[in-house]
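Engineer: In order, the protein sequences belong to chains A and B. Counting from 1 along the first sequence, just add 786 to a position and that's the residue number in this note's numbering. Counting from 1 along the second sequence, just add 16 to a position and that's the residue number in this note's numbering.
Calculated from the structure, these hints are not laboratory results. A portion of the hints provided could be inaccurate.
Stated by the list, open to error - Partner residues aside, some chain B positions facing chain A, computed with beta carbon under 8 Å:
#1 G54
#2 D55
#3 T57
#4 Y58
#5 L61
#6 V76
#7 E78
Unchecked claim - Straight-line Cα separation of at most 27 Å, BS3-like style, residue types lysine-lysine; simulated pairs:
#8 B:K122 to B:K34
#9 A:K1048 to A:K1077
#10 A:K907 to A:K1048
#11 B:K34 to B:K63
#12 A:K864 to A:K791
#13 B:K81 to A:K791
#14 A:K1143 to A:K1072
#15 A:K826 to B:K81
#16 A:K864 to A:K1100
#17 B:K81 to A:K1100
#18 B:K81 to A:K1143
#19 A:K1100 to A:K1077
#20 A:K1150 to A:K1077
#21 A:K1077 to B:K81
#22 A:K1100 to A:K1051
As the list claims (entries may be wrong) - Listed next, with one range per pair, are the computed distances between beta-carbon atoms:
#23 B:G115 to A:D797: 18 to 26 Å
#24 B:Q72 to A:A1093: 34 to 42 Å
#25 A:N1066 to B:I142: 57 to 65 Å
#26 A:P878 to B:G115: 56 to 64 Å
#27 B:A96 to A:D797: 17 to 25 Å
#28 B:G115 to A:P1089: 53 to 61 Å
#29 B:P99 to A:K1100: 45 to 53 Å
#30 A:D797 to B:A91: 46 to 54 Å
#31 B:A69 to A:A810: 39 to 47 Å
#32 B:E93 to A:L1110: 33 to 41 Å
These numbers come from a predicted model, not from an experiment. Glycine residues also receive a C-beta, built at the ideal position from the N, C-alpha and C atoms.
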Amino acid sequence: MSELKRTPLRDFHAAHGARLVDFAGWEMPVQYRSILEEHKAVRRTAGLFDVSHMGEVEVKGPGALGFLNHLVTNDVAKLFPGRVLYSPMCYPNGGVVDDLLVYMRAPEDYFLCINAGNIDKDVAWINEQAKGFEVTITHRSDDYALLAVQGPAACAIVQSLTGAKLDRIGYYHFAEGTLAGVQCMISRTGYTGEDGFELYHPAGDAQVLAEALLAAGVPFGLELTGLGARDSLRLEAGYPLYGHEITADISPLTAGLGWTVKLDKGVDFVGRDALVAEKNNGAPNKVIFFKTGDRRIVRAETPVLGADGVAVGKVLSGTLSPVLNEAIGSALVTTASSTGALSVDIRGTLINLQLVKPPFVQLKKSST
Amino acid sequence: MSTVPADLRYAKSHEWVKSAGDGTATIGITDYAQNSLGDITYVQLPKVGASLAAGQVFGVVESVKAASDLYAPVAGEVIAINPVLDSAPETVNSAPYDGGWMLKLKIVDAASANALLDAAAYEKAIA
């Protein structure tokens, strides 16, 4: 049995009372105090997340733009230095390999952030797809740690540690700067629906940065937050999680991410033909988001029943929303059934699914 | 470190029993159980008047992580259920032996609680 991988902050988490679990082969904090309390702290003040397990890949060279625009569905040509792009990358059949962030540092110099559970798969895929393009692909995951500060107080907390003018870094923009003396890529992005920053920095400086953020943040009410709260926050925000709402079998169009698929960006990309066909023919299934008006959590894999009680799909993600005080989730159902009554059976009780167009809560990400 | 009060009796399935001495008993789940479950989000309890056999599933406790069955440690008739748990199930996390109590039973056999684990035996079981 192989050992779990550790981020540079594993002992820091243990020292702060974290409950450590196996997440995608990494030893990660699922919670410190309470998933629900940490979730509420992020919406009320701020939370500090260690997401160093995520992967980083550099793509450089004269062919970088051409390659990336072939690799991902969104339009990389829209980027300029300092700008970030969210996009899925697809298989030829339109299924998703992963969703990722694409950072443009300079012409011919791009930086990708990929999901922890997909690092090996993605790096192999990216290298395979790069054949024939004039690019150099460098896997940098081990060099980088990543800390996220998310919540209404995030900007004030991060600003207190840096001379960089954060009001000049708008949503989905980034800049280089130093925080508490640590060199960081300061990215105004996040996975919670709140304003906040993701800070890419050298792995060796993670402890120093985490301690500095905690010290600066505690007077504001900053809390250490684990992956449990990270999941309930992203679901409240209506964000997909790879392996749930997007998979090798669920295309971005089926998942409701049509805005990330630029069929008309002027270049062919992997999966384009399949996605055009899906768009023209209509997809047989779709991802829906729901709430129930009940506190019983509707867990992943629970069958979803249509109007006549027959299964028309299954739940993909489910949790309790601490803000709404009811169960929320996502499900994959037949497109035909999605306009009719849908319910789930929880221990013999039929509970109706009320369809919701996400987000479940008002997103307060930066408006600058 | 879990709290295990000395004056209670325990089932291996992590329910505790507090005998009132008048033929009734209060039932809940232990500190070890609430800690293992994590944030408790919902508690399903039987109706007052329900008759329970020892070892019978009397309800469900749900947390963000999973749902777990609750087992009657002794046989009896349900004479009260904790009204607080409907709106504040997290009380089981913060006060598993006090405010987070789940049921009060009229016990069939007053001596049945003695067949359960005492505090020392339960501590060993969860070590």
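Engineer: All hints, please: hold or fail.
Structural biologist: Results for each hint:
no.: 1; hint: G54; result: holds, 6 Å
no.: 2; hint: D55; result: holds, 5 Å
no.: 3; hint: T57; result: holds, 5 Å
no.: 4; hint: Y58; result: holds, 5 Å
no.: 5; hint: L61; result: violated, 13 Å
no.: 6; hint: V76; result: holds, 7 Å
no.: 7; hint: E78; result: holds, 6 Å
no.: 8; hint: B:K122 to B:K34; result: holds, 12 Å
no.: 9; hint: A:K1048 to A:K1077; result: violated, 30 Å
no.: 10; hint: A:K907 to A:K1048; result: holds, 24 Å
no.: 11; hint: B:K34 to B:K63; result: holds, 20 Å
no.: 12; hint: A:K864 to A:K791; result: violated, 36 Å
no.: 13; hint: B:K81 to A:K791; result: holds, 22 Å
no.: 14; hint: A:K1143 to A:K1072; result: holds, 13 Å
no.: 15; hint: A:K826 to B:K81; result: holds, 17 Å
no.: 16; hint: A:K864 to A:K1100; result: violated, 36 Å
no.: 17; hint: B:K81 to A:K1100; result: holds, 19 Å
no.: 18; hint: B:K81 to A:K1143; result: holds, 25 Å
no.: 19; hint: A:K1100 to A:K1077; result: holds, 15 Å
no.: 20; hint: A:K1150 to A:K1077; result: holds, 21 Å
no.: 21; hint: A:K1077 to B:K81; result: holds, 18 Å
no.: 22; hint: A:K1100 to A:K1051; result: violated, 34 Å
no.: 23; hint: B:G115 to A:D797: 18 to 26 Å; result: violated, 36 Å
no.: 24; hint: B:Q72 to A:A1093: 34 to 42 Å; result: holds, 36 Å
no.: 25; hint: A:N1066 to B:I142: 57 to 65 Å; result: holds, 60 Å
no.: 26; hint: A:P878 to B:G115: 56 to 64 Å; result: holds, 58 Å
no.: 27; hint: B:A96 to A:D797: 17 to 25 Å; result: violated, 47 Å
no.: 28; hint: B:G115 to A:P1089: 53 to 61 Å; result: violated, 37 Å
no.: 29; hint: B:P99 to A:K1100: 45 to 53 Å; result: violated, 35 Å
no.: 30; hint: A:D797 to B:A91: 46 to 54 Å; result: holds, 49 Å
no.: 31; hint: B:A69 to A:A810: 39 to 47 Å; result: holds, 43 Å
no.: 32; hint: B:E93 to A:L1110: 33 to 41 Å; result: holds, 37 Å
The structure fails to meet hints 5, 9, 12, 16, 22, 23, 27, 28, 29 from the earlier list, while all remaining hints are met.
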